[in-house]
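There are 2 protein chains.
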Amino acid sequence: MLTWVDGRPAELLSVRDRGLAYGDGLFETIAVRSGEPRLLERHLTRLAGGCARLSIPLELEQVRAELLAFAAAIGEGVAKLILTRGDGLRGYAPPMPAQPRRILQAAPVPAYPAANTCEGVRLYPCSTRLAEQPLLAGLKHLNRLEQVMARAEWSDAACAEGLMRDTQGRVVEGVYSNLFLVSNGLLITPALTRCGVAGVMRAELLACAAEQDVPHEVRDVSFDELLAADEVLLCNSQYGIWPVRALAAHDWPVGPLTRKLQGFVGHLAGC
Amino acid sequence: MLTWVDGRPAELLSVRDRGLAYGDGLFETIAVRSGEPRLLERHLTRLAGGCARLSIPLELEQVRAELLAFAAAIGEGVAKLILTRGDGLRGYAPPMPAQPRRILQAAPVPAYPAANTCEGVRLYPCSTRLAEQPLLAGLKHLNRLEQVMARAEWSDAACAEGLMRDTQGRVVEGVYSNLFLVSNGLLITPALTRCGVAGVMRAELLACAAEQDVPHEVRDVSFDELLAADEVLLCNSQYGIWPVRALAAHDWPVGPLTRKLQGFVGHLAGC
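Line order of the protein sequences matches chains A and B. Residues 8 to 278, numbered by the numbering used here, are exactly what the first sequence covers, in order. Residues 8 to 278, numbered by the numbering used here, are exactly what the second sequence covers, in order.
Heads up, a few of these hints could be off.
[Said to hold, decoys possible] DSSO-like, lysine-lysine: derived pairs with alpha carbons at most 30 Å apart: (1) A:Lys267 x B:Lys147; (2) B:Lys147 x B:Lys267; (3) B:Lys87 x B:Lys267; (4) A:Lys267 x A:Lys147; (5) A:Lys87 x A:Lys267; (6) A:Lys147 x A:Lys87; (7) A:Lys147 x B:Lys267; (8) B:Lys267 x A:Lys87; (9) B:Lys147 x B:Lys87; (10) B:Lys87 x A:Lys147.
Honestly, the hints are just simulated from the structure, not real lab data.
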C-alpha cells in the first residue's frame, strides 16, 4: 500500500523521530471514497487543535493539500496521517524549532460485516481502564498503549468492539470508537475532559443533533446509566454508526434515534 | 552517531512500526564506559519485566549480545535501546505472532555540570501531573507525552530537573530521574504502583540500602513530607546521584546519607 513521508513516496523514516521515541505526535484516520477524504475539515480542525495543545507547529494548508492528493491517489480506502514533532536528540526537551514530520499510510476500506451496521454489535467489557489525564484528554495522540492492551483482551469475533471505562468506573468510549446512549429521548455522550479521544464522527453526530433539534448532553456517564439506557450506539469515521445490542448479559434494542442518526450520517447502505 | 536496527547499521525503520503508531514498545538508556554497558543486568531485568507485562516476545540473549557488541563499538557514551512490537497493520490488535524490532542509538556521554553532583541541583515544580495507570506504572514504555510536556515547562538552565507529582498531588519522581528523600535517618522513595518509571539506578540504590543496612521504605510520599525531609536526592543510570538543594522557595542541605550513597554508586568523581 502507498505510503508517503513528508510528501514523497517512502516506506522508511528516521530512527530518531520523536514519534517513535516518545509517541510525540498525533494521528488522523480518514475515510477515502471516490478519491475524496471524508470529513476532511473536521479532521483538520482536530489536528490543528491537537498541535496547538502539544505545541507542535502545523502547516495546515500543506497538510490539507497533501491529504487531497493522497486521497486522489488512493481512490477508495483509508488515509492514515501521522504527524510527529520530527527528529530529536536524546532527551525529552522538544527541539526548538521543531521540524514536524508527516507520514501518510494507505489501507483498504475496512471489511466490517454489514450486520454491524444493520443488526448491531456486541461490546466486550474491557478491564483495561483509561487513566485520567486532562492535559491529553480528547487528543488523538500517539500514546495508545491503553488501547493496545484493551484490544488484546478479546479475540472472540462475536465482539466487534470493547467498552472502555476510566479508572473511576465511568463509561468513556470504545477502543476505537466513541459511544452515545439515548435515555428518555435525550442523546448523551460522555465528556472527554479527563480521558478519551474526541472522534470526528462524534463531533459530526453532535452537530447533527444540534441541527435536527435532538436534545443532547455531553457529560459524565455512569455504568448504571449505560445499562439503563434505551439505546446505545458506537461511531467512528470509518464505519459511521453501529447500534450496540449487548454487553455481557445485558442487551439493548436497536432504537429509533439510532436509526435516525444512521440516516443522517449516510452509512446505512446494505440494511 | 551509530545506530543499529535489528543488529545492523541503519538510520531508518519501517513507517509501519507499532512503536511509531502507538508507542507500543519499551526503551532502556544505558551508560557505556570503557566499552561496557553499566548495570546491564538491571536493564535487562527491567526490559524482560516490561515485555512480560506488555506481552511482547523477547529474545533476551540476543538483546544482551547485541548490547555488548554495541557498547564495545561505542566505547564511551550512551546506548539507547528501543524495543517495539514490530510492524503492524492498521488497528490496535497486536499482530500474532509479533516480530519485535530492536533499535540501538548511540549518544555522547551527557554533559551534565559536575556541580550537579557536588553541590546539588534545583528542581522545577512541574505543573504537568502524572496520570494514574497501574497497568503501565513502573514501565519504561514509549508513551512519554507527559514527560515531553513536563520538560517543556521550563528552559531556565538553573533547574536541572523537574519534580513530577501525580494527579492526586503525591510526589512521584523527576522528569528523567527517580527521587529519594531522607527523613530521620530513613531512606524513602515513592511507590510506583500507579505511575512513574522504575529506574535501574533506583533499584541499585534500594539494593545498596538493603546491603548496607540503611533503613528504607518504598511507599506513597506527600508533598508536605518532601518539604519536611532532611535530605532529597535524584538518581538515574547516566549521572548516578544528584543532591536536591531547592524547589521554589524551599531548600535542603546536602546530607550525609546522600554523600554516603554517592560513594556507594561511584559517581562522585570531580567533587
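**OP:** Hints the structure violates: just list their numbers, smallest first.
**Re:** 1, 7, 8
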